[in-house]
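Following the hints, put chain B in place on chain Z, whose structure we already have.
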Amino acid sequence: MLADFNEAIGNLIGRSGILNGTWQQYVMIIISLILVYLAVVKKYEPLLLLPIAFGMLLANVPMANLSSYDEGSLIYYLYQGVKLGIYPPLIFLGIGAMTDFGPLIANPKSLLLGAAAQLGIFATFIGASAMGFTPQEAGSISIIGGADGPTAIFVASKLAPEMLGSIAIAAYSYMALVPVIQPPIMKLLTTKKERSVVMKQLRPVSKTEKIIFPIIVTIAVAFLIPESAPLVGMLMLGNLIRESGVAERLSKTAQNELINIVTIFLGLTVGATAKAENFLSPKTLGIILLGLAAFIVGTTGGVLFGKLMYLFTRGKVNPLIGSAGVSAVPMAARVSQRVGQETDPQNFLLMHAMGPNVAGVIGSAIAAGVLLSILM
Amino acid sequence: MNLAGSVTIVGLTVVFAALILLALIISLFSLLTGRKMRKALASTAAASAASAAAGYAAARLSAGNSRTKAQSKEPVKAEDIIAGSIEDDRIAAAITAAIYAYYEENSTNFANRFGIIVKSFRRAPAGASAWNMAGRHELLIPFEGGADAR
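Line order of the protein sequences matches chains Z and B.
0 is the number of the first residue of the first sequence in numbering that gives the first Met the number 0; add one for each residue after it.
0 is the number of the first residue of the second sequence in numbering that gives the first Met the number 0; add one for each residue after it.
Simulated from the structure, these hints should not be mistaken for laboratory data.
Here are a few chain Z residues that sit away from chain B, every Cβ distance over 10 angstroms (derived from the structure):
(1) Asn10
(2) Ile17
(3) Leu18
(4) Ile30
(5) Tyr36
(6) Leu37
(7) Lys41
(8) Tyr43
(9) Asn64
(10) Ser72
(11) Gln79
(12) Ser243
(13) Gln254
(14) Thr262
(15) Lys306
(16) Met330
Under 7 angstroms between C-beta atoms, here's a sample of chain B residues computed to sit facing chain Z:
(17) Ala3
(18) Val6
(19) Ser26
Derived coverage of chain Z by chain B (criterion: at least 3 residues anywhere in the stretch with Cβ under 8 angstroms from a Cβ of chain B; other residues may be distant):
(20) 99-109
(21) 118-125
(22) 128-142
(23) 210-218
(24) 360-367
Glycine included, each C-beta is placed from N, C-alpha and C at the ideal position.
Chain Z on its own, in the form it takes in the complex:
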């Protein structure tokens, strides 16, 4: 009887995490706790970082077999939504339903700023290739420069799934750090005169234009770069639902319940891909460094193109709105507004910066499509 009891206890302990954990798993648990801290206390993109961090914690509990790769677990099944490329387009549907493309329609030139800020993606691709990453890995890392979480996850899940966790964590961490990363670059590259440009008020945009816009963008982009169609198509469907004004209930669901549910699934399962053997490698360090570089180059590209527009329009465009082209909606636009107001408290750049900001979302989705079509 006692022997049986001892054996049972022995088995239980033998199968518990306490005796079976590796040091790498403990390091991962500590990292996940730091991320929980950053999400809860520092409020770094908490909506995503919190589920990601917890997914990471679950995936690294010894013997629990809860990572996204452990067949049979709940997380494994939820992860199929990432693997099959279902969640990122659904998130884009919600983002589309939340976004007002009015400032972009009123000033179509801001699309160019959204394109210029994608320089970060492609410059980082060169950097990552030079550092010895495979083209697929380099493509997945460089898309961090798009400053768009779902796009980064969409590309990484197709090109380099084993790096998904670290890429998602780098992307969301840097997006949260946009107010820290961007202002020094913006100030360094612009003169006080350029920063104090007051832009002409945007024209009002009619409802018809707002309804036609998503349809035209979908047709144009999907025909040109079919690989971008899942992201851009869903973004524009969300926007059409919003602007049509006839599907209020769908619009509300897309921008609240649907996007929230998908965010939980996406965050949790992406976090749960970060197993010790994938995450604790020199590659992660490379991803973190290259991700930062991508953000810096993207901001630089946007601001420099803004300066070009300043020159061509003879001082009618404030170059500060260029940095908002990296997407990271609406944080990057707010940064443009804040830096502008530091120079002139009477200057309101927010609506002008929203144009390049939402153009950046379209731009990074197109860039993602280009990378996928070349590298897949």
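Coordinates of chain B only, in the frame set by chain Z:
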């Protein structure tokens, strides 16, 4: 490295080409619908001028004497301060009524009372000097309690 270079060049070219194409298409259809929009705006302006009289009458009816006096303190410059895009007819009507009220209080000649017509609204430049802003703010103080009182 070769691949990296070509991906970069192809990528940037395609992204720029796609977004330039979109910018062109949007400019084109905003040109088409924009014309309609300007017409609509013009009619809105006319409507707001017309509604101004109604707004004024309403203001006179509902407001007490003291309220009218407060309105009368509004500077003539109000015309310059007023919002640019006529998105909100009600604001335009209220401002027009305030200007009419001012003229009525300050004009001795009845014929001159409605000798002015508000044709357009324009936002005053935002980059005004600090003194200018302070002056404006001071002139607006009598109206600041208005919203709470309602």
